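Residues per chain are reported as follows:
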Amino acid sequence: MIAVRGWIIILGSLVVALVAPHFLPPGFSDWLTRLSTLILVAASWNMMANAGLISLGHSGFWGLGAYSAALLANAFHIPFWLSIVPAMLLGAFFGACLAYITGRLRGLFFAIATLATSEALRVVALMVPKLTGGAEGVFVFDQIRPDRITMTSFSLCLAVATVATSYFLSRSRYQYALRAMRDSESAVQMLGVNPARFRIGVTALSGAIASCAGVITAWFTGYIDPGSAFDLKITISAQIAPLFGGLYTVTGPVVGSIAILALSELTRLYFNYSGGVGLLVYGCILVFGVLMMPSGLVGLWKRRRKPVVTDAAVPARAK
Amino acid sequence: MTAAMLELDNIRAGYNDAIAVENISLTVGQSEVVCLLGANGAGKTTTMRVVTGLIPLLGGTIRYNGEDISQMPPHERVTAGICLSPEGRQVFPDLTVMENLSLGSFNRRARRNRAQTLDQVLTLFPKLAERSGQAAGLMSGGEQQMLAIGRALMGQPKLLALDEPSLGLSPKMVSTVFESIQTIARSGITILLVEQNTRAALSIAQRGYVLSAGRVVHEGTAADLAQSEMVQKAFVGAAFTKQSVRKSRRERRLAESNPGGAGA
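Line order of the protein sequences matches chains U and C. First residue of the first sequence: 1, per the working numbering; consecutive thereafter. First residue of the second sequence: 1001, per the working numbering; consecutive thereafter.
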């Protein structure tokens, strides 16, 4: 029954995603596109975090997606909606390679390895100007760029599909295996689960989704360069959103993405007389948010609704 | 002794450069309960990790039902029927009892009869049924131990490897857990048991090996080991009397004369 409700919500959100951009003022399409790309990277980051893999390399996936879309559009005139496919394949392939190469690295070591790979990709993009345009960047072939509303609708649909994917993943039996991997990989292994397979699978899935975000941005802005496509800020906001919204949950990355985008817009509007102050306030709110809400906004909401959960569990332990 | 189910032949294993076990050879027969005894650092847990494949074998061979499994990855060994209840329980604290149990039957072979196995496990450990929705980390040590054994049983083992099931439990809980292990043994599952609690181990095992500094220093039937001066001196201490051996032997005879016992 819950599955039926889930399907209704998913289909409803898809309809809203297709229709809403047509009725909202034009300023919103920029905001909604940024929101969808943030949801894509946040949800995909959260999938990996759920399995105990802390990625600092999501800007790498993003950049790969952006460059593959831009270069294919320029060379073969591959349209917007079709360019998602090679970008996702590339992201998945890169993710699988990353998981395979990093092998047994865990925790901080895994995080640093992913950070290094994404930085290496940025440097590679700078070093091969014949292919990538180097530091000057690339313009996406303008004649085949769809209008902004179409792109906004499409990116919102992708965001809905991503959240749906993480929803179905959270209800599958793989969820236990992934969550248990977070606790102890060797303990999962002796239960007959092959952790390497899951690690590669989840990183490939995460990479495919994150590279979609790069594709959207490349088409939407019409221009990319190594600095913006492999920006470390992408990686950082990919983890702030789930942390702020609620780590390891399905709704957390969505709620967190909305919240941090709204916060950054509001602080920018109210403190715009000097750029720094807005960022400072924004940063302070994030720090306090993460400190005061260890399970994020979603956790806050759950606790408000059933305040007895933790109290009931304590006597059982004392027994 | 019936046909050997598990055979270790001159195995050698360790961590990084430190060799923890060397030249260990042992056999476990079909439906037999065999215990590995020894003090801290004797190599019991290392042997267990080699059997389940959690650490690589540096020398020697492991045969399981006649097949060489020395290089088989751990998850395939589980599918082949070697399931471990690890030292220190290692239940997943954030997952519920039921989720922990489901993970035990994750492999393809065990998944088919999951509902039936679950019934058997919950009959053996009714406590787990009561606690099914609770986070495993919030249970007592004894309950967690039951969960760890139950989780291993969910994999429908042919060979159940139990590493220190008495660790950190109260004496009363130890006897409860060992009664359950005996029930499992009576249902025909082969058990390889690692224990520091020699008395409890010998009360349910048919044979045992004594490990010291990474080698087998003594082997024999449970009754022989219980009476062996060496074992008593090394591990048992004064509390262990001949009387308790006779008692445990009597219990085992009773167990054998009552083969119908509850299934696990």
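Check each hint, because a few of them may be wrong.
Claimed, not checked - Just a few of them, taken from the derived set where beta-carbon distance is under 10 Å, the chain U residues facing chain C: (1) His22; (2) Val193; (3) Pro195.
If you are wondering where the hints come from, they were derived from the structure by calculation, not from laboratory data. Here the structure is a predicted model, which is why all the values come from computation and not from measurement. Glycine residues also receive a C-beta, built at the ideal position from the N, C-alpha and C atoms.
Evaluation of the provided hints:
no.	hint	in the structure
1	His22	44 Å, violated
2	Val193	5 Å, holds
3	Pro195	8 Å, holds
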